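Visitor: Chain residues, written in single-letter form:
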Amino acid sequence: MMFSDPPRTEAKRYPTAMAHFQARTTAGPGRVVVTLTGECDLEGRDELTAMLLTAVDSAPVVVVDLAGVTFIDSSGIHGLVTAHRAAQDAGRRLHVTNAGGTVATVLEITGVAGLLGHPSAVVPGTAAGEDTAHA
Amino acid sequence: MPDLVPSPPASAVTGPDAMAYDHPADLRVVRVFVGDRAAALGLPEMRAELLVLAVSELATNTLQHTDGGGRVRVWAQDGYVVCDVVDRGPAHGFGRQMPAADALRGRGLAIVERVCDAVEAIPVPDGTLVRIRLRL
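Chains as they are written, first to last, in the working numbering: chain A, 119 to 253; chain B, 1365 to 1500.
Since the hints were made in silico from the structure, they are not lab data. Be aware that a few hints might be false.
The following residues of chain A were derived to be distant from chain B, with all beta-carbon distances above 12 Å [said to hold, decoys possible]: (1) 147; (2) 168; (3) 175.
If the Cβ cut is set under 8 Å, some of the chain B residues that face chain A in the computed set are [claimed, not checked]: (4) 1389; (5) 1391; (6) 1392; (7) 1393; (8) 1413; (9) 1414; (10) 1417; (11) 1420; (12) 1465; (13) 1468; (14) 1471; (15) 1472; (16) 1475.
Some chain A residues near chain B, calculated using beta-carbon distances under 10 Å [to be verified]: (17) 193; (18) 219; (19) 223.
On a predicted model such as this, the values are computed, not experimentally measured, just so you know. Note that the Cβ used here is the ideal one computed from N, Cα and C, for glycine as well.
Required output: the full structure, derived from the provided sequences and hints.
Guide: Listed below in structure tokens is the structure:
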């Protein structure tokens, strides 16, 4: 179920005046990688959710790279699960990858690591930025 | 078990071991405050992060489910770092299971129970005090 994806890689920055996280969405063939940095809490929850839903609309597979996330709680999980459910309803997929420290702990104890964990431990290119454009 | 509700020390209201919050932008300030206090009291970094997570969940709960803010205080007692979160909400329903992984809501207090060594909800005049502990 491939869609006609843009042949080039695009990067978009979502500046967040209120929230203390940033998201960069990088589009590639058949998928987008959303690279989050900062803190995902109530303050940025609606913004995070809207951004992830936009990503789900844009590609059949969304990979959310959490390597740069320093804090996440139930509010951030709410955004991820909301986007996951939207993806599922549309026959699409959303994965998370590269969570570390207490962020990984939160994903584990909520079961979200099992729900959204990427089939491979590390998505090639996401951590090293090989296929991401720099904003 | 230590006594349930000792009289708050005077410093709990305005002193350096307490702070108030009433807006989502305060949450990260609360986290820095609790993290700094936990470190000063000797809680190892990874456990301090769990305390910070729990307090952030409780303060988020205040902001989502009550019409006001709340107050946090942190101290050490009997080998624990103890943290009180007081707000004007009704008694919390602790003892709950973690919701299903794909559930939209209901994780906040379940996370608090999972990461803390002890959790108590104590009715106080005009609200509820939640006291959480992590072993030093």
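Visitor: Please go over all the hints and tell whether each is borne out by the structure.
Guide: These are the hints, each one checked on the structure:
1. With a least beta-carbon separation of about 28 Å from chain B, residue 147 of chain A lies farther than 12 Å from that chain, consistent with its non-interface assignment.
2. Taking the minimum C-beta to C-beta distance to chain B, about 15 Å, the non-interface status of residue 168 of chain A holds against the 12 Å cut.
3. Residue 175 of chain A, annotated as away from the interface, keeps every beta carbon of chain B farther than 12 Å; the closest lies near 19 Å.
4. Given the 8 Å rule on beta carbons, the hint for residue 1389 of chain B holds: about 6 Å separates it from the nearest Cβ of chain A.
5. With a least beta-carbon distance of about 5 Å to chain A, the hint placing residue 1391 of chain B at the interface is held under the 8 Å criterion.
6. Interface hint status for residue 1392 of chain B: upheld, as the beta-carbon distance to the closest one in chain A is roughly 6 Å, under 8 Å.
7. Interface restraint check for residue 1393 of chain B: the shortest CB-CB distance to chain A comes to about 11 Å, outside 8 Å, so the restraint is violated.
8. Contact between residue 1413 of chain B and chain A, as hinted, is supported at the beta carbon level, the nearest pair being about 4 Å apart and thus within 8 Å.
9. The beta carbon of residue 1414 of chain B is positioned within 8 Å of a beta carbon in chain A (closest approach about 7 Å), and the interface hint is therefore held.
10. Taken as an interface hint, residue 1417 of chain B checks out: its beta carbon lies about 6 Å from the nearest beta carbon of chain A, inside 8 Å.
11. Against a cut-off of 8 Å between C-beta atoms, the interface hint on residue 1420 of chain B holds, since the closest Cβ of chain A lies about 5 Å away.
12. Against a cut-off of 8 Å between C-beta atoms, the interface hint on residue 1465 of chain B holds, since the closest Cβ of chain A lies about 3 Å away.
13. Checking residue 1468 of chain B against chain A: minimum C-beta separation of about 6 Å stays under 8 Å; hint holds.
14. Checking residue 1471 of chain B against chain A: minimum C-beta separation of about 4 Å stays under 8 Å; hint holds.
15. Contact between residue 1472 of chain B and chain A, as hinted, is supported at the beta carbon level, the nearest pair being about 4 Å apart and thus within 8 Å.
16. Taking 8 Å as the C-beta contact cut-off toward chain A, the hint placing residue 1475 of chain B at the interface holds, the least distance being around 6 Å.
17. Interface hint status for residue 193 of chain A: upheld, as the beta-carbon distance to the closest one in chain B is roughly 6 Å, under 10 Å.
18. With its C-beta approaching chain B no nearer than about 7 Å, residue 219 of chain A sits inside the 10 Å limit, and its interface hint holds.
19. Against a cut-off of 10 Å between C-beta atoms, the interface hint on residue 223 of chain A holds, since the closest Cβ of chain B lies about 7 Å away.
Comparing the model with each numbered hint stated earlier shows that hint 7 is the single one that does not hold.
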